[in-house]
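Below are the chains, spelled out letter by letter.
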Amino acid sequence: MNHALRKSMGRIAVAIAAALVAGSAGAGNNFDYCLLCHGASANGNFGIRAPKISGMEPWYLARQLENFATGVRGIPADDVSGHEMGPVGSRVKTEGTLDAAVQFVGTLESKRPATTVRGDTAHGKELYKTCVACHGAKGEGSQALQAPALAARSDWYLATQLANYKLGLRGADERDTYGAQMRAIATTLADEKAITDVVAYINTLK
Amino acid sequence: MKRSVSRRDFLQLAGAVGGSTAVYRAAIALALMPAITHAAKPQLAALTRSRKVLILGGGISGLTAAYELNRKGYEVQVLEASFRAGGRNMTVRNGDRIDETGYPQVCNFDKDPDLYFNCGPARIPGHHKALLNYCKELDVELEPFINDNRNAWVQDDAMFGGKPVRAREYMTDSRGFVAELMSKSMTPEQFSASMTKEDYERLREYLKYLGSLDPGFKYAGSSNAGLALHDYTSPEVLKTPLDGRELLKSRFMAIMSFGETDDQAAMMMEPVGGMDRVPAGFLRKIGHLVQLESQVQKIQVMERGVEVTYRRDGQYIKTRADYVLNCIPMHLLAGIEHNFPKEYAAGLTAIPRGKLFKIGFQMKERFWEKEGIYGGISWTLQDIQQLWYPAHGINRQKGVMLGAYTFDPNAGEKFARLAPAERFKLAIAQGEKIHPGYGSYVESGVSIAWHQMNHMLGCAAQWDEELWKKWFKTLQTPVGNHYLMGDQVSYHPGWQEGAMASAHHAIADIDARERAGAVVAA
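Protein sequences appear in the order of chains P and F.
Residue 1 in this note's numbering sits at position 1 of the first sequence, and the numbers go up by one each step.
Convert by adding 1000 to the 1-based position in the second sequence; the result is the number in this note's numbering.
It is worth saying that the hints were derived from the structure and are not from the lab.
It is possible that some hints are incorrect.
One-sided excerpt, in silico: chain F residues whose CB lies under 10 Å from chain P [what the hints assert, rightly or not]:
1. THR1309
2. THR1319
3. GLY1335
4. ASN1339
So these bits of chain P aren't anywhere near chain F, every CB distance computed over 10 Å [claimed, not checked]:
5. LEU36
6. SER41
7. ILE48
8. GLN64
9. VAL80
10. GLY106
11. HIS123
12. ALA172
13. ASP191
14. GLU192
Heads up, the beta-carbon is just placed ideally off N, CA and C, and yes, glycines get one too.
Excised from the complex, chain P in its bound form (with noise of 0.2 Å):
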């Protein structure tokens, strides 16, 4: 093929491709794509292992995504998630959006997730009495104490995050000092069974 055509179809295939491609899309304050793994209304997908953001406390999301973004979260090699996660806080940071992504996922309606984690609520309810100090009895969370709520949380993401704390996926950046108390009393979690039995619980709680 002669190259004047071939650049004729250049132009065509450019014509075409601004003709597919809406307008404003992109950058900015559009955080639809929040929803892309956090799920529909952010609450939860364990398909991805995105867990529900929608109803968390704004404090804590702005503390998470900051975390996300200065590498104190999402770094340790088996945290897979995590490593998803941190460009995502890197992104909202160097945009200046963080803020606006936090008031987006308070704009979303928050539903109660599925129960998927069983357990001995018995035995969870003896080991919870070490979280009720810092997360209230009602796994209701304390701004002042910078613990957030347990209550209607992705059950299965809690079991997990008990288990990265353990593990030191989580809470072992020297910066992270909530992260190390949350790791000090994660290791007091005997095994797994611990672990579900207290995250069975904790879904219990309203």
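Since the structure of chain P is provided, determine the placement of chain F on it from the hints.
Then chain F, alone, in the frame of chain P:
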């Protein structure tokens, strides 16, 4: 004097030159064996009443179904979540956005018809009939794609201290080494009685041709490995064979036959100007049916039809259709509100998602052509795994080459975690081992981490035998009037042909139901 060659003679010759695949192909050509059969494109009946079909996702399967159904009178609407249609069929050129969740990028290649990069599918084998037929029907011009180039390099830190060797040298010398060893160690007694003395001799003969052995069954080099000097005014000088034991240290042996596999063997093709000429071809016909930036949030399968709620410009819009063809990647669908049966919903999270990763570099000079490489692939056992040289634009000043294409999910994740500039740095450092000075040619780059791309979060679904057995039928079978589609619901994930097959399968089923309904109505 001419001597006619019998079919049997020809097949023997073909076997000696090209191995069993060649015999098989030749036998088909000589009509000794049945030709490869293809699932035929369904012939849909023209619709006699009003039927609305909502297609979720404007990738290859969605566009295929939209095109076919629209022609037969169905009322079709395609809801696409992204700002662009095409799905993983994505070509980037000057100014194009790469919509990665964490690291959005813009392609800064020069404005030039040859300077593009196919981020997803990039090659079409000759037996992908559905796709090739659509290319013809939709005026998508094709040109040859070079997938296998014996002049390209093989590099592995495990052999020759990481120094690259030409693919032809690796293949010829390792085959020579192995063939010589086998012919030396093989004795007639090792074989069963059914193998005659003549059979045994033929086997040795085969090894001789396979390994380019000399009459004494020794491998002493072959011009197949490339000459030491291409000076055609003086006698040929063969290269000294490389150390066979050193060659076998490389795991390249596992990739060596890549260019002989079913989907990767010559002759392959690519659309002139980029793979996205395929969706562009569909969109010329049915572009008006595609609504972009419409992200599905909820799917309710009703007794009759399906209700879908999507998000557009921050608004939630509810719509209803008689049928829904759903091409949303399963792992994303799992996060959408729905009322699917438990078993079906469980399947959505059971298939792992692919994590393939690609880099494209615009090079200020087509330096590889000075090394005698025109198209094809160099292989390395480093993270980047492959370097592709464009088959289009040969002899022009600049070119866009592929600087990484990882199959290993760990390598994909390793790159995906880095910011684009760091990805390029890593890919360049590894490319330097194959082409010294490589980095000095790089003008700009693009990187595609499929498992972090907006509206995708994954490459081809990672089915295996067990998963197929357990989940495929469940996911392929419609729930009410809701069909799951895409290459993810095919036995050929990661190929456009698989996506088209799934579309044909779904619309054939709808057609059958409509025909049955029409009979009942009559």
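Cross-check of the supplied hints:
1. A hinted interface residue such as THR1309 (chain F) counts as satisfied when its beta carbon comes closer than 10 Å to some beta carbon of chain P; here the least separation is about 9 Å, so the hint holds.
2. Hint on THR1319 (chain F) is violated. Least Cβ distance to chain P is approximately 16 Å, over the 10 Å limit.
3. Satisfaction of the interface hint for GLY1335 (chain F) is found here, the shortest Cβ-Cβ separation to chain P being roughly 3 Å, below the 10 Å cut-off.
4. Taking 10 Å as the C-beta cut-off, the interface hint given for ASN1339 (chain F) is violated, the closest approach to chain P being about 13 Å.
5. Not every Cβ of chain F is farther than 10 Å from the Cβ of LEU36 (chain P); the closest lies at roughly 6 Å, contradicting the non-interface assignment.
6. The Cβ of SER41 (chain P) does not lie farther than 10 Å from every Cβ of chain F; its closest approach is about 7 Å, which violates its non-interface assignment.
7. Not every C-beta of chain F lies more than 10 Å from that of ILE48 (chain P), the closest at about 5 Å, which undercuts listing it as non-interface.
8. Every CB of chain F is more than 10 Å from the CB of GLN64 (chain P) (nearest about 15 Å), matching its label as outside the interface.
9. The Cβ of VAL80 (chain P) sits about 7 Å from the closest Cβ of chain F, inside the 10 Å cut-off, so the non-interface label is violated.
10. Every beta carbon of chain F lies more than 10 Å from that of GLY106 (chain P), the smallest distance being close to 14 Å; the non-interface claim holds.
11. No beta-carbon of chain F comes within 10 Å of the beta-carbon of HIS123 (chain P); the shortest separation is about 28 Å.
12. A cut-off of 10 Å between C-beta atoms confirms that ALA172 (chain P) is not in contact with chain F; the least separation is 17 Å.
13. With a closest Cβ-Cβ approach of about 25 Å to chain F, ASP191 (chain P) is found to remain outside the 10 Å limit, as its non-interface label requires.
14. Remark: the non-interface label on GLU192 (chain P) is consistent with the geometry, its nearest Cβ contact in chain F lying 20 Å away (cut-off 10 Å).
In summary, the structure is inconsistent with hints 2, 4, 5, 6, 7, 9 from the numbered list given earlier, while agreeing with the others.
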